[in-house]
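If you read the sequence shown in UniProt numbering, its first letter stands for residue 1, the second for the next number, and so on.
Please note: incorrect hints may appear among the correct ones.
Quick list of the computed label-pair ranges, beta carbon to beta carbon [claimed, not checked]:
(1) Asp8 <-> Pro99: 34 to 42 Å
(2) Gly174 <-> Arg234: 21 to 29 Å
(3) Pro55 <-> Leu242: 30 to 38 Å
(4) Pro99 <-> Arg204: 47 to 55 Å
In the DSSO-like style, the derived pairs of lysine-lysine whose C-alpha atoms are separated by at most 30 Å in a straight line are [as the list claims (entries may be wrong)]:
(5) Lys169 <-> Lys154
(6) Lys207 <-> Lys168
(7) Lys184 <-> Lys267
(8) Lys33 <-> Lys168
(9) Lys154 <-> Lys172
(10) Lys168 <-> Lys184
(11) Lys168 <-> Lys154
(12) Lys184 <-> Lys207
(13) Lys172 <-> Lys184
(14) Lys267 <-> Lys207
(15) Lys184 <-> Lys154
(16) Lys207 <-> Lys154
(17) Lys237 <-> Lys203
(18) Lys237 <-> Lys154
(19) Lys168 <-> Lys237
(20) Lys172 <-> Lys207
(21) Lys203 <-> Lys169
(22) Lys203 <-> Lys154
(23) Lys207 <-> Lys237
(24) Lys33 <-> Lys172
(25) Lys33 <-> Lys184
(26) Lys169 <-> Lys33
(27) Lys168 <-> Lys203
(28) Lys207 <-> Lys33
If you're looking for bench data, these hints aren't it; they were derived computationally from the structure. Cβ atoms here follow ideal geometry from the backbone N, Cα and C, with glycine treated the same way.
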Amino acid sequence: MSIDPIADYLGRQRQAILVGDRALREERDNDLKEAIHDTRVAVRRFRSTLRTFAPHFESEQAQHLDGELRWYACLLGAVRDRQVITTRLSALLNDLDEPLIVGPVAPRIGIELSAELASHEARLRAHMTTARYRHMLAEIDSVRRTQSRIAICKLTARATHTAASRLKKAAKSGDPVVLHRARKAVKRARYAAELGAPAIGRKRADKQVRRHEALQDLLGEHNDAVASAEFLLRIGKQASSLPGESGFTFGVLHERERRAARRVRRKVRRRYTG
């Protein structure tokens with residue numbers, strides 16, 4: 001009996017979401033970072049499948065589940081973003097020359113990020129006790145399918161084409177919002193290739209996944225730099241008005257993150273407008 005690629009892929013994401021659910025409920029700090037990341041990726045893959053292979057699902061239910069998974073992804077993302085910024089700024093500070101560190105910069109960053117992280121973790125866990133969350137978990141067990149004549153390989157190719165089109169548009173504009181949309185399209189194309197491997201061939205699929213993953217990492221660097229720069233600007237303004245503190249170092253770090261984002265935009269522009 002042949003395997004249904006869509007059912008198989010969704011089944012694996014469902015299992016990852018449930019594993020993450022257990023890990024998050026146990027509240028072990030050492031496992032939290034990994035649990036947040038893995039669960040968020042599984043949710044993204046599930047949502048991407050509902051969208052990319054939409055003709056294979058009952059439309060109304062799929063749209064509703066997509067919205068509920070988006071809600072959960074936002075809760076996870078708020079925690080994950082602070083985790084990423086914490087790691088990123090720690091590395092930036094370690095690379096900074098001592099004369100450029102003015103005031104209690106590391107403690108200020110630690111205080112702000114710890115408070116935000118604790119707040120978003122508490123919010124996530126509070127929502128995980130709600131009926132809405134329980135209904136979402138139940139719904140991922142009962143996704144309704146339709147009989148579609150549109151082949152998986154065709155929908156996979158469409159996702160790849162959409163990603164390429166959005167990358168070209170992003171390269172021309174350089175707009176961070178357009179770049180973020182391109183990154184989401186690249187992720188969908190990557191997940192489509194993962195799912196579609198039995199239809200398009202494992203070797204071809206693996207090649208597509210590697211290419212999309214490299215692009216996803218590049219655009220992710222831009223996204224992380226922009227988010228970090230926004231955080232630095234916000235707390236730098238706060239520090240400049242506090243006794244014994246200064247916004248100087250935050251300005252230095254902010255500019256470094258802006259430069260990091262510009263480097264990514266130049267790479268994308270050279271690659272897709274040459």
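Hints, one by one, checked against the model:
1. Asp8 <-> Pro99: 34 to 42 Å: The hint (34 to 42 Å, Cβ to Cβ) is violated, given that aspartate 8 and proline 99 are roughly 57 Å apart.
2. Gly174 <-> Arg234: 21 to 29 Å: holds, 23 Å
3. Pro55 <-> Leu242: 30 to 38 Å: Check failed, 56 Å falls outside 30 to 38 Å.
4. Pro99 <-> Arg204: 47 to 55 Å: holds, 53 Å
5. Lys169 <-> Lys154: Holds, at roughly 23 Å.
6. Lys207 <-> Lys168: Roughly 20 Å between the alpha carbons, so the hint for lysine 207 and lysine 168 holds.
7. Lys184 <-> Lys267: holds, 18 Å
8. Lys33 <-> Lys168: Not satisfied, since the Cα-Cα distance of roughly 34 Å exceeds 30 Å.
9. Lys154 <-> Lys172: Satisfied, since the Cα-Cα distance of roughly 27 Å is no more than 30 Å.
10. Lys168 <-> Lys184: holds, 14 Å
11. Lys168 <-> Lys154: holds, 21 Å
12. Lys184 <-> Lys207: OK: lysine 184 and lysine 207 at ~19 Å, within 30 Å.
13. Lys172 <-> Lys184: holds, 17 Å
14. Lys267 <-> Lys207: holds, 21 Å
15. Lys184 <-> Lys154: holds, 19 Å
16. Lys207 <-> Lys154: holds, 17 Å
17. Lys237 <-> Lys203: violated, 51 Å
18. Lys237 <-> Lys154: violated, 51 Å
19. Lys168 <-> Lys237: Violated, at about 36 Å.
20. Lys172 <-> Lys207: Within the cut-off at roughly 26 Å; holds.
21. Lys203 <-> Lys169: Roughly 29 Å separates the two Cα atoms, so the pair holds.
22. Lys203 <-> Lys154: With Cα atoms ~17 Å apart, lysine 203 and lysine 154 stay inside 30 Å; holds.
23. Lys207 <-> Lys237: Not satisfied, since the Cα-Cα distance of roughly 46 Å exceeds 30 Å.
24. Lys33 <-> Lys172: violated, 35 Å
25. Lys33 <-> Lys184: holds, 22 Å
26. Lys169 <-> Lys33: violated, 34 Å
27. Lys168 <-> Lys203: holds, 26 Å
28. Lys207 <-> Lys33: Between lysine 207 and lysine 33 the Cα gap is close to 29 Å, so the pair holds against 30 Å.
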